[in-house]
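**Q** Sequence:
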Amino acid sequence: EVQNLADWAPQVKALVDHHAVRVLITGRSALRIERERDSLAGRVSTLELGTLLLREIAALRGWGEISPLLPLNGLGSLKDQSFWRELREHGLRHRATRDQAFAAFSERGGYPVAQVRTDRPWEEVADQLNETVIRRVIRHDLRTGEHGRRRDESLLEEIFRLCCRYAGQAPGQPVFTTELRSALTANVGWPRVLAYLRFLNDTLLIRLVSPLELRLKRRKGRPKICLCDHSLRSSWLQETIPVTADALQRSPHLSDPPRRAGHMAESIAGYFLGTIPGLDLAWFPERGAESEVDFVITVGEHRIPLEVKYRQHIDGHRDTFGLRSFIEKAVYNAPFGILVTLSDDVSVADPRIVALPLSSLLLMR
1073 EVQNLADWAP
1083 QVKALVDHHA
1093 VRVLITGRSA
1103 LRIERERDSL
1113 AGRVSTLELG
1123 TLLLREIAAL
1133 RGWGEISPLL
1143 PLNGLGSLKD
1153 QSFWRELREH
1163 GLRHRATRDQ
1173 AFAAFSERGG
1183 YPVAQVRTDR
1193 PWEEVADQLN
1203 ETVIRRVIRH
1213 DLRTGEHGRR
1223 RDESLLEEIF
1233 RLCCRYAGQA
1243 PGQPVFTTEL
1253 RSALTANVGW
1263 PRVLAYLRFL
1273 NDTLLIRLVS
1283 PLELRLKRRK
1293 GRPKICLCDH
1303 SLRSSWLQET
1313 IPVTADALQR
1323 SPHLSDPPRR
1333 AGHMAESIAG
1343 YFLGTIPGLD
1353 LAWFPERGAE
1363 SEVDFVITVG
1373 EHRIPLEVKY
1383 RQHIDGHRDT
1393 FGLRSFIEKA
1403 VYNAPFGILV
1413 TLSDDVSVAD
1423 PRIVALPLSS
1433 LLLMR
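Going by this note's numbering, the first residue of the sequence shown is number 1073, and it counts up by one from there.
Since the hints were made in silico from the structure, they are not lab data.
In this text the structure is predicted, and so the values were computed from the model without any measurement.
Any given hint could be a false lead.
Claimed, not checked - With a straight-line Cα cutoff of 20 angstroms, these simulated SDA-like cross-link-like pairs (lysine to any residue) come out: (1) Lys-1401 / Thr-1370; (2) Lys-1151 / Arg-1167; (3) Lys-1151 / Leu-1309; (4) Lys-1151 / Glu-1362; (5) Lys-1151 / Phe-1408; (6) Lys-1151 / Pro-1349; (7) Lys-1401 / Pro-1349; (8) Lys-1085 / Glu-1108; (9) Lys-1151 / Trp-1135; (10) Lys-1401 / Val-1418; (11) Lys-1085 / Gly-1099; (12) Lys-1151 / Pro-1423; (13) Lys-1151 / Gly-1372; (14) Lys-1401 / Ser-1419.
Using the sequences and the accompanying hints, generate a full structural model.
**A** See below:
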């Protein structure tokens, strides 16, 4: 808990500058650590541990060990279509363990306390997550910032509630200002909303995925909101959205319009990809005749579009239109595309598109 130590950054700076040592620093307040890290001028690199990975849930619950497919510092693999095909096969090879872990993840999320204390009812775990994760960030990290800046706790809570409601989407200024005016009976300017969104992003509760720069030109784009863990939405809004095929069959209203399960799957995929060190992640807004693409991964000079289609039946032509449009534009330099689905039994005739389920995507790391 290095963030609780006074003047830790100058001490680390002196230690590293005058001695041949390597230093490992740990802490759980990303905002406070990053604020002090600026004075270290590149001497420290940050690794976000995040919540449990799918293979870690499987190991923790005693269901088996699954090795990650993506090697450390191996981003170059992502621009090879063969890697994504192998990832799909990797998921099938470990199907039983994968599905067990994914069902547990769908039910309780990736926080260790939720997966360890399976003997306790979800309502009790949800209260603990609200208190130890969300309110701790809002109350403790809220006080960290430039001197003289006033932050409104109730406004921050309401903005986080909207982030939960619109996870996996890019609601933009009209939605936020209208919803906040209705909830708080006060006019809140867009610059202030953006500042609070960036604050939540810095605390790692959410990840803001920016639009692809090539598309912006002179227009300011809307960030797409991805939650660090869908269990926080369940605990904060007291509404559970499952992401397994079996659970969605029992709750068909969640996979039909407004496709809340699809948005949640998009949020999960976005945050997962965003935590890969060094990976450049964006989304592709709709403009004119060009369709929206959920995410675009940039690896070197290549861009790989990734679309989440989370429903029981996939139309191989209609549901891949955005991916194919992106691939066919030479300016984007996209050799192939990824279609993230609900289940394994999806095949796409176009050889440039690899289809794999969300559960297999999460086994990448």
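**Q** Hint by hint, say whether it matches the structure.
**A** Consistency of the hints with the structure:
1. Proposed proximity of Lys-1401 and Thr-1370 is supported: the alpha carbons are some 15 angstroms apart, at most 20 angstroms.
2. The straight-line distance between the Cα atoms of Lys-1151 and Arg-1167 is roughly 25 angstroms, outside the 20 angstroms bound, and the hint therefore fails.
3. Simply put, Lys-1151 and Leu-1309 have alpha-carbon atoms about 38 angstroms apart, too far for the 20 angstroms limit, and the pair is violated.
4. Between Lys-1151 and Glu-1362, the direct Cα distance comes to roughly 23 angstroms. Violation of the 20 angstroms bound is thereby established for this hinted pair.
5. Pair hint Lys-1151 plus Phe-1408 holds up; C-alpha atoms about 9 angstroms apart against a cutoff of 20 angstroms.
6. Distance restraint check for Lys-1151 and Pro-1349: the Cα-Cα separation of roughly 16 angstroms lies within the 20 angstroms cut-off, and the hinted pair is therefore satisfied.
7. As the CA atoms of Lys-1401 and Pro-1349 are separated by approximately 28 angstroms, the hinted pair breaks the 20 angstroms bound.
8. Between Lys-1085 and Glu-1108 the CA atoms are separated by roughly 11 angstroms; this keeps the pair inside 20 angstroms, and the hint holds.
9. For a cut-off of 20 angstroms, the pair hint linking Lys-1151 to Trp-1135 is broken: about 31 angstroms separates their Cα positions.
10. For the proposed pair Lys-1401 and Val-1418, the alpha carbon gap of about 25 angstroms is over 20 angstroms, so the pair is violated.
11. For a cut-off of 20 angstroms, the pair hint linking Lys-1085 to Gly-1099 stands: about 17 angstroms separates their Cα positions.
12. Between Lys-1151 and Pro-1423 the CA atoms are separated by roughly 15 angstroms; this keeps the pair inside 20 angstroms, and the hint holds.
13. In summary, the hint linking Lys-1151 to Gly-1372 is supported, as the alpha carbons are separated by about 9 angstroms, within the 20 angstroms threshold.
14. Between Lys-1401 and Ser-1419, the direct Cα distance comes to roughly 23 angstroms. Violation of the 20 angstroms bound is thereby established for this hinted pair.
Hints 2, 3, 4, 7, 9, 10, 14 from the list above are not met by this structure, while the remaining hints are.
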